[in-house]
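Chemist: Residue strings, one per chain:
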Amino acid sequence: MSLTKEELQSIANLARIGLSEEEADRLRHELDGILGYVDRLQLIDTTGIPEASSIPVQADEFRVDEVNDCGDAARALIIDNFPASQSNMLKAPAVFEKPKS
Amino acid sequence: MESLNTLTIAQARAELDAGRITSRQITEACLAEIASRDPALHAFLEVWNDEALAEADRADERLQNGSSLGVLDGIPLAIKDNILIEGRHCSAASKILEPYIAVYDATVIQKLKAQGAVLLGRTNMDEFAMGGSTENSAYGPTRNPFDPDRVPGGSSGGSAAAVAANLCLGALGSDTGGSIRQPASFCGDIGLKPTYGRVSRFGLMAMASSFDQIGPITKTAEDAGLILSALAGKDENDQTSADASAFLPAWKTNLKGLRIGLPRQAWGEGIQEDVRAAVELAIDALRTLGAEIIDVDLPYADEALAVYYVVMPCEVSANLSRFDGMRYGVREPENNLLDTYFQTRGLRIGREVRRRILLGTYALSAGYYDAYYKKAKQVQTLIKNAYASALEHVDVLLTPTAPSVAFSIGEKINDPLAMYLEDLFTVGANVAGLPALSFPARHDGTLPIGVHLTGRPFDEATLLAIARCYEESR
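In order, the protein sequence lines correspond to chains A and B.
The opening position of the first sequence corresponds to residue 1 in the working numbering, with each subsequent residue numbered one higher.
The opening position of the second sequence corresponds to residue 1001 in the working numbering, with each subsequent residue numbered one higher.
It cannot be assumed that every hint is accurate.
[To be verified] Under 7 Å between C-beta atoms, here's a sample of chain B residues computed to sit facing chain A:
hint, residue
1, Ser1210
2, Val1310
3, Arg1331
Think of the hints as simulated: they come from the structure by calculation, not from any bench.
We treat Cβ as the ideally placed atom computed from N, Cα and C, and that holds for glycine.
All chains should be modelled from the sequences, with the hints used to inform the complete structure.
Modeler: What follows is the structure, given as C-alpha cells:
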C-alpha cells in the first residue's frame, strides 16, 4: 500500500502536525517502508479470532467516580504550567473566530 | 572497601544497617561520580544535589533512631524522565514539555518516597520513550559507558547507562516494546519488565497504554527484586493494575527441575555471531546449573513486531494528542487556533514521535481500521495463545535480548525500520503482557550482551532466580 501526498496531508491535518514539503516527502517514503513491513499481517488467517483484550483478568473493578479536590499546592502548579494565563485563568486561542469584514 | 557508589542495593542496605556507612556517604559518592563522568555520558537531564543530600540526611537520622522506612531507605536511585515527581521538571526528553513541572507523584514515586529512597535526578531517554538508542532525546544522546561512540540502547538509555557507570545504585525505566531490557542488554545491567498490571502506571506519561510498564534497572537480580517488591501492587488510580498475589522473591541455589524453552522461531537469521555465541555459552552454563533446555514451538512469535508497530502507533496517536500547547508545555502562538496547533506540534515534537503519531492516525483513519488495528489485535490473540501454550511445557522462554551489541551513534538513526528491528526479541513479552528480563551473559569488559527470559504471568520470581543463579555461578 502506498501513501499519496494528499493522504499524508490529510492525516497530518487530522493529527494537527504541521509538515514542510520536504518533510512530507521523506515521511511518505518512511511510512511506506513501515506499512510494507506490517502488511505481513494480512497473510495470517484470523477468521473467527477475537481481538485481544488489554485488561489483565485480575483488574476488572472500577473505583468510585468522584470529584477530588487537588489541594492548593497542586492547583498552584497547574496554573504555573499554563502556557498563557490571565488572572489565574488559562488563556487559549478562540475556537471560533470573528469573521473578518 | 571500593567506592560506595559501586555497591549493590543489597550490599548498601547491609552496610547501612550495620552502621558502617551512611546514606550521605553513598549519596555523595554517587554525586561525585556523576560530576566526574556524566558530562561525557549525559545519562542525566537534571541532578538534584541538595535535595538528594537532604533526603540522605533524613534517612541517616531515621536509621539512627531505629525508625527505618524499608529496604530502600537511604538508597540513591535515578528516575527516567517520563515518571512524574511532584514539583520537579518532567519532560519525557521532549521540547514540548521543556518548562513542565509535575503536579503530583506517580504511584511508583509515592512508594519509593514512602520507603525513604533518595532520588538523585531524572535520566535521559528517547523522546516520549520512542526509540532504541536514546538518540531521539531532544536534549542530545546518552553515550554507552563501555564505548562512548556507541549508544546505550533505549528508550531508558539514561537509566541503563547511569546504573552501568555506577552513578546510582539502581534506576527506574519504562518498557513498552523493550525499553528497559534492550538498554540493560547494551549496558550490562539487569532490566526487568514486570507483567502488565504488576506495577501501577499512574503518573507514567502514557506512550502505548496497553503495553507500558515501569520496572527496575539494577546491577544484580537481587536488587531488581528489592525494587520490584517496593513498586508492585494494585492501585485504584490505574484500572489496569492487577489484584495479583504479592510479588515474593523465590531464590534458588541451583536450577534443577526448571525447564527453559528455546523458541525455534526466534533463532533465525539476523543475530550477530558474537551475540549468538555468548548466549549459547550462557545456555550451557544454565544447563550445568541443572536446568533442562528444550526446543519449543512458538508460532506467530515472528509476527509480534508487526502487531506492535500497528497497535503502538495507534495508541500513541491518541495518547499524545494532549500535547498541544494549550494547558501546559510550550505554545507557539499563531494567528488562529489551527495554526497554533500545527506550529506547536510541528516544531516542538521530534521527528520519530511525529512519525509514529502519523502512522497511528493513518491506521485508525476511516477505511483502514479493519485492515490494520483490528487485524493486529486478532493476531495479538494468536500470539498470546501461543505464549500461553508454550509456557505450559516450559517455565521460561530464552532468546538473546537484542540481535546485536550496542551499535554506533548515528548508525541507525535515519533508518526507522532498522531501528524498529531492535525490538524483535523483546516486543513479544509486551504484546503477550508477560514478565521479561534481560541479564548480562558476560562481564569481561567487552561490549555487553543480554540474555532474555520471558515467564508466566506474575512469575517474575522465576526470571530473577535464574538470573541470580547465573550471576553467582560466574
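Chemist: All the hints need checking, so say for each whether the structure fits it.
Modeler: Here is how each hint holds up against the structure:
1. The beta carbon of Ser1210/B is positioned within 7 Å of a beta carbon in chain A (closest approach about 4 Å), and the interface hint is therefore held.
2. Taken as an interface hint, Val1310/B checks out: its beta carbon lies about 5 Å from the nearest beta carbon of chain A, inside 7 Å.
3. Interface hint at Arg1331/B: satisfied, since its Cβ lies 4 Å from the closest Cβ of chain A, which is below the 7 Å cut-off.
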